[in-house]
Amino acid sequence: MIVDYNVLLQGLTEAIVILDIEGYIIYSNPAVVDITGHTPEDLLNKHLTVLYQTAQDQVKAEYELGLSLKKGKFLSEGWRLKKDGSHYWAEMFISPLYDGQSKRLGYSCIIRDVSEKKKLDIELRQNEQRFRLMVEAVRDYAIFMLDPTGHIMSWNEGAKRIKGYSADEIIGKHFSTFYTSEDLESKKPERELKIAVATGKYEEVGWRVRKNGSVFWANVVITALFNDQNKHIGFSKVTRDLTDKKEAEESLRQSEERYRSLVEQVTDYGIFMLDEKGRIISWNEGAKKIKGYEETEVIGKYFSIFYPEEDVLNGKPALELKIAKSEGKYEEEGWRIRKDGTLFWASVVITAVYNNQGIHIGFSKVTRDLTERKESERALRESYERYRLLANELRVTNTELSYANQELEQFTSIVSHDLQEPIRSIKSFLQLINIKLNNEQNEDLKLYIEKAISSADRMKQLIQNLLHYSQLGKTELVEEQINVDELISEAIQNIRTSIEKSNAQITVQNDVKTVEGDRIQLVQLIQNLLSNALKFTDTESPKVKISGFHENGHVKFSVSDNGIGIAETDLNKVFEIFRRLHTKKLYPGTGIGLAICKKIVDRHRGRIWPESKPGKGTTFYFTLNEQKEILEPA
Amino acid sequence: MKKYKIIIVENDEDEQLFMKEGFDSAGLFDIVAQVRNGDTLFEWLDKNKSSLPDVILSDLNMPGKNGYDVINEVRTNPLYNHIPVVITSTSSTKTIIEKCLSSGAADYIVKPETFVEYVPYVQNLYKRIEEKQLVK
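Chains A and B, in that order, are what the protein sequence lines are. The numbering used here applies: residue 1 is where the first sequence begins, and numbers increase by one. The numbering used here applies: residue 1 is where the second sequence begins, and numbers increase by one.
Take the hints with a grain of salt, since some may be wrong.
To be verified - Derived pair list, reagent style EDC-like, types lysine to aspartate or glutamate, alpha-carbon separation capped at 16 Å:
#: 1; chain 1: A; residue 1: K460; chain 2: B; residue 2: E113
#: 2; chain 1: B; residue 1: K94; chain 2: A; residue 2: E476
#: 3; chain 1: B; residue 1: K99; chain 2: A; residue 2: D99
Keep in mind that the hints were calculated from the coordinates and are not lab data.
Sequences and hints are given; from them, build the entire structure.
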């Protein structure tokens, strides 16, 4: 079949224009009219520019023709003007035309109107742009694209804000830049991409690194992107900075942790939680210590395991929860069971626990082991009873003692009184004999009689002192304010004879104005101490010093001598009745004088004691009214 | 100078003897009787209601009715309660003296150191009776 090229060109639906070497149109087929509105006549001998948008496009048309010469073909795209002035998006395929001898004849130019396709294109582009602008403008999220190998392709405002890099700095870099060195070592970035590709998405919360090196707590979502052909074209990565949230959560967590560890470490109280059914959901040190169960043994068990069987059978545990729930709290003391089966006396507080929304979520239970307290209470009660028993015994003994004492005093009084009468008779008759004996005839007898009288005297003195001593405890104290200087001088006056006889030198240094007490007894006290001092002094001139002064809120007196002193071992014996530390021959006395002193000082709520250096002298100290409240007679 | 009629109540015979000597020597009293205790005192008084003594001098410690009994019976008997009872004893103990006086004794006089000193004792007794106007 012979092809008529002319017919072919004329009938082709494709718009074809033939140009000469200069670019002037020498042919256009009817399809050109359909696209441009220009007839072949309109276009003949016109430069190709006529099909461009403006006359100024001649430079561009000639340039494109030149490009087609160089490259063999050229596609020119762009807006073109129709004859009626309207636009269409044209694709113009320009190719040079040669004859059989490679002589250039001109150009062929195929024109297509792709306006429709272009419109879609533009819409798509505009759409994309809107999204892009939107993404770029988002500040709270870092949103950027990665290529399939993980290199950053886009960057938004949020990414800049969160990570600190500008778009110029970061685009083209690998996204692992944002990971910590530990994550990099473990090849986490690569793994995340793999997961994203395999599952479509990778999401996590973790630490990421900012440009300045600081870390932030990030929520990261990596989404694998596939195009229409399901080809993997990269990833989108959305990162959110959770640091603020993280900090709030962290402080909450820390505070919870603090409370939890606080509760866990309390050892004196068993503190644990029950769920709303009464099953144990937490356990602390104290609970472990008190009840003996490890946490693992007890979690999930009903708290009724701590109750004695009859309580369980009576439904007591459930009742307690019911009360705790209806009244907010249940409190009691009662027996509970340890793991080893032993009982302990517990103080229990069950409190209903509600969450923020006011929903009942369970109970807290605080248990305290009161066994020890009970024990000490019991011990206290026992010791109190013991004490009461003792006090009773003491009272009985006391009564007996005071009775015995009374009897003794009566006895002493009667005996000494009755003893006096015969002694008096003996002495009387001796005296009578003595008077009637002739002085010269019976020298020897006279001596014996004098000795007998002296013995009777001594016996009488003894009896009188004993009587006096026993009377001291009987009579009531006549307490009055007494001038101390007067007391001392009265005592000195009473024993003036023996002072003169011993040639003693008595000095007084008294700072105390008055004392409260029984005048007669206190004179006796000082007198006895003075006599004692004189008696036990060997020197030619005994020196006795009486001092009175205030000390520690009470009065203190001393009577010092330069006498023979008292051996240390004897110091505590001096106040014993009838105790005479020296032989009678050297130092006469009844052995009652110091006992009387002691009794007088006792009755005046004071203390009396000697200090002595044998050979150097003795000082007797006494205080008065020292312990008024304590020694006050009951 | 008035002589007082006196009854002496004393259980000790020696003491009685020396007391009598003292009283006789002093010449200040007429001893109407010497009895050995309260029982014999009241026997005597019952028999001699018409010639009662001016003063009763009584020892304290005696078998039978003692000095305290004497004080009490004399004081509570309307026939005798006008007669002063003077107690005499070797004891100079304050409590005993006070007990006697508070029981109703007219006076208390301590016996002398020995029997041989009864004259000054009697003189003292007379002096006190006068001073205190014990005999109405």
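Exercise for review: Hints the structure violates: just list their numbers, smallest first.
Suggested key: Those not satisfied come down to hint 3.
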